[in-house]
Amino acid sequence: MTEIGLRELVGPLLQPGVMLRAGQLALLAVALFAALKIIAFIIGRLVERRFSRQSMMITRKLVTYLGSVVILLIVLAQMGVTLTGLLGAFGIAGVAIGFAAQTSVSNIISGVFLISEKSFEHGDLVRVGDYTGIVLSIDLLSIKIRTLDNQFIRIPNETLIKSEVTTITRFPIRRMNVEFTVSYNTDLSALRQALLEVVRAIPRCLDDPEPLYLIKGFGPRGVDILLGVWFAKEDFVAVKNSVHEGIKARFERDGVEIPAITVLPLS
Amino acid sequence: MQVWGTFPIENRTTYLWRVGSLALWLFRDERQWYWASDYAEQPAVDDPVIARQAIPPEGISWQRLITQSLSPEVVVAPLLPDRPVVVVPSEPLSIAAHTEVWLYVSLPLWLQLRGGERLSEKLGEFGVAALSNTWLGDTFSGRMCYTLQARIGYEPSAVTVQLGEALCCLHIANLSEVTAILDKLAIPCDIMALYRCTDPDATADSIPADVLTTSGIELSFGRANELQVRLQPETAAMRAAWARVSDPRVRAQDSVWHKSISLLKKIGEY
Numbered sequence: 001m002t003e004i005g006l007r008e009l010v011g012p013l014l015q016p017g018v019m020l021r022a023g024q025l026a027l028l029a030v031a032l033f034a035a036l037k038i039i040a041f042i043i044g045r046l047v048e049r050r051f052s053r054q055s056m057m058i059t060r061k062l063v064t065y066l067g068s069v070v071i072l073l074i075v076l077a078q079m080g081v082t083l084t085g086l087l088g089a090f091g092i093a094g095v096a097i098g099f100a101a102q103t104s105v106s107n108i109i110s111g112v113f114l115i116s117e118k119s120f121e122h123g124d125l126v127r128v129g130d131y132t133g134i135v136l137s138i139d140l141l142s143i144k145i146r147t148l149d150n151q152f153i154r155i156p157n158e159t160l161i162k163s164e165v166t167t168i169t170r171f172p173i174r175r176m177n178v179e180f181t182v183s184y185n186t187d188l189s190a191l192r193q194a195l196l197e198v199v200r201a202i203p204r205c206l207d208d209p210e211p212l213y214l215i216k217g218f219g220p221r222g223v224d225i226l227l228g229v230w231f232a233k234e235d236f237v238a239v240k241n242s243v244h245e246g247i248k249a250r251f252e253r254d255g256v257e258i259p260a261i262t263v264l265p266l267s
Numbered sequence: 001m002q003v004w005g006t007f008p009i010e011n012r013t014t015y016l017w018r019v020g021s022l023a024l025w026l027f028r029d030e031r032q033w034y035w036a037s038d039y040a041e042q043p044a045v046d047d048p049v050i051a052r053q054a055i056p057p058e059g060i061s062w063q064r065l066i067t068q069s070l071s072p073e074v075v076v077a078p079l080l081p082d083r084p085v086v087v088v089p090s091e092p093l094s095i096a097a098h099t100e101v102w103l104y105v106s107l108p109l110w111l112q113l114r115g116g117e118r119l120s121e122k123l124g125e126f127g128v129a130a131l132s133n134t135w136l137g138d139t140f141s142g143r144m145c146y147t148l149q150a151r152i153g154y155e156p157s158a159v160t161v162q163l164g165e166a167l168c169c170l171h172i173a174n175l176s177e178v179t180a181i182l183d184k185l186a187i188p189c190d191i192m193a194l195y196r197c198t199d200p201d202a203t204a205d206s207i208p209a210d211v212l213t214t215s216g217i218e219l220s221f222g223r224a225n226e227l228q229v230r231l232q233p234e235t236a237a238m239r240a241a242w243a244r245v246s247d248p249r250v251r252a253q254d255s256v257w258h259k260s261i262s263l264l265k266k267i268g269e270y
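Residue numbers (this note's numbering), protein chains in the order written: chain A, 1 to 267; chain B, 1 to 270.
Hint data in this document are derived by calculation from the structure and do not stem from the laboratory.
Bear in mind the structure is a predicted one, so any value in this text is a computation, not a measurement.
Be a bit skeptical, because a hint or two may be false.
Said to hold, decoys possible - Dumping the calculated DSBU-like pairs for lysine-lysine here, alpha-carbon to alpha-carbon at most 30 Å:
(1) K162/A to K118/A
(2) K162/A to K61/A
(3) K248/A to K162/A
(4) K61/A to K144/A
(5) K122/B to K144/A
(6) K240/A to K184/B
(7) K61/A to K122/B
(8) K118/A to K144/A
(9) K233/A to K118/A
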């Protein structure tokens, strides 16, 4: 009984004419997908040249998704499926999905605004709320970042539009501010000279733009000083360590005192 | 003492090169090459040192490369810096309108170590001086460069060129109607070649034969005071008197073949 059923089901499909037709359709689908890949590549290249990498990524995905739908419809039409009824069903489904997917639509629209603003690009280091990480991808619904402690975080585009986003690596050079307090008996002109010498001795610190030396004011513990050092963005860790090591060593050598914070127990 | 060239390195022996501020230790254990470098606070004023059986300082950080070949030789070749060098003269240069000047400046070299198969495997590159970084441009865009406080001479003989340095000739033409004031000069070392004079009699400049020189640079200020920088072309006469020691680091790869391969690779990755 089962054998007869299978033969009845599979038998017509194994006819030479049906097999040939299936092969033709498979070939057509493969050719169309290959053509779609090339078209997506060319459009992506044109968009990247004119706009940015994230615009290219979004455009490529849009072209791929839309093209895939069109290819599916072409293949179905070739198989003899009536598309009128199918498109009608798509319309009804579209309305239902539209109501159900308001958040997704909001994310897509936010994504379009994000891309047009060009606040950050693929590979940038960004800070969003409590998270700081490298942008891995900018997609239709969200961006994906890898935090510095190697966590993968997905942030919806809608959240990004509503929040403050800091692109840390937007510009090729950065300034690091080192703030500290020295006691009131410190010779400030000698201190300025010493700090600039410390910075000059570190090859990774830029001499142009010049380091910033600023007396911020007179605080309760001493004179508040700000030293701003410029460096290439990729040298952040090395410069931060070298500058702090250099300042500490120089202060120890020159006898400059950084007043310690005294914590008094509450009685 | 000859610093550049091909040197046999005995097995399990540490060698030291001391050129300018650079101290470079090299050690070979069969096919394994170890090297470490350090910079002195002040450059050595005496002749460079190449020492055998050298004792490196404690705690120095070594790097290692294992090569295919058992070749015991190493090539020590001079190179120009990998970025432009911004030369800051001791006082700004003022060049009057419709005036041309030839200036000479010494640039620190890089030392490249090569070994292994056909002596073509790069072991490392080291500047003979620890140059500081500087930024050429505004804080939004520009280019990372090295900075160098240098004495600029009007004659080659006015510039002292040490063994780890090369002489660079700059031709500056102020074609504008106003005096040009230069407080710094950016020399595009990454696109310049390095030469050695092979026939001192054939050259107009009185440059000693043992001094390495770079491609010449031409700077001109146009009528609207815009600055143009270009390399002096390599002429047949120059090729007869000068031998190229190292090629420019940056070379345009714009051939149809390279573009086609690159395009195919990108389509494949897509």
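Taking the hints in turn, this is what the structure says about them:
With a C-alpha separation of about 15 Å, the suggested pairing of K162/A with K118/A holds against the 30 Å cut-off. With a C-alpha separation of about 24 Å, the suggested pairing of K162/A with K61/A holds against the 30 Å cut-off. Among the hinted pairs, K248/A with K162/A is inconsistent with the structure: their alpha-carbon atoms are about 42 Å apart, more than 30 Å. Restraint check for K61/A and K144/A: satisfied, since their Cα atoms lie roughly 16 Å apart, inside the 30 Å limit.
A distance of roughly 38 Å separates the Cα atoms of K122/B and K144/A; the hinted pair therefore is violated under the 30 Å criterion. With a C-alpha separation of about 28 Å, the suggested pairing of K240/A with K184/B holds against the 30 Å cut-off. Straight-line distance between C-alpha atoms of K61/A and K122/B comes to about 42 Å, which puts the hinted pair past the 30 Å bound. Proximity of K118/A to K144/A is assessed by CA-CA distance (about 16 Å); at most 30 Å being required, the pair is judged to hold.
For the proposed pair K233/A and K118/A, the alpha carbon gap of about 19 Å is at most 30 Å, so the pair holds.
Taken one by one, the earlier hints fail for this structure at numbers 3, 5 and 7, listed in ascending order.
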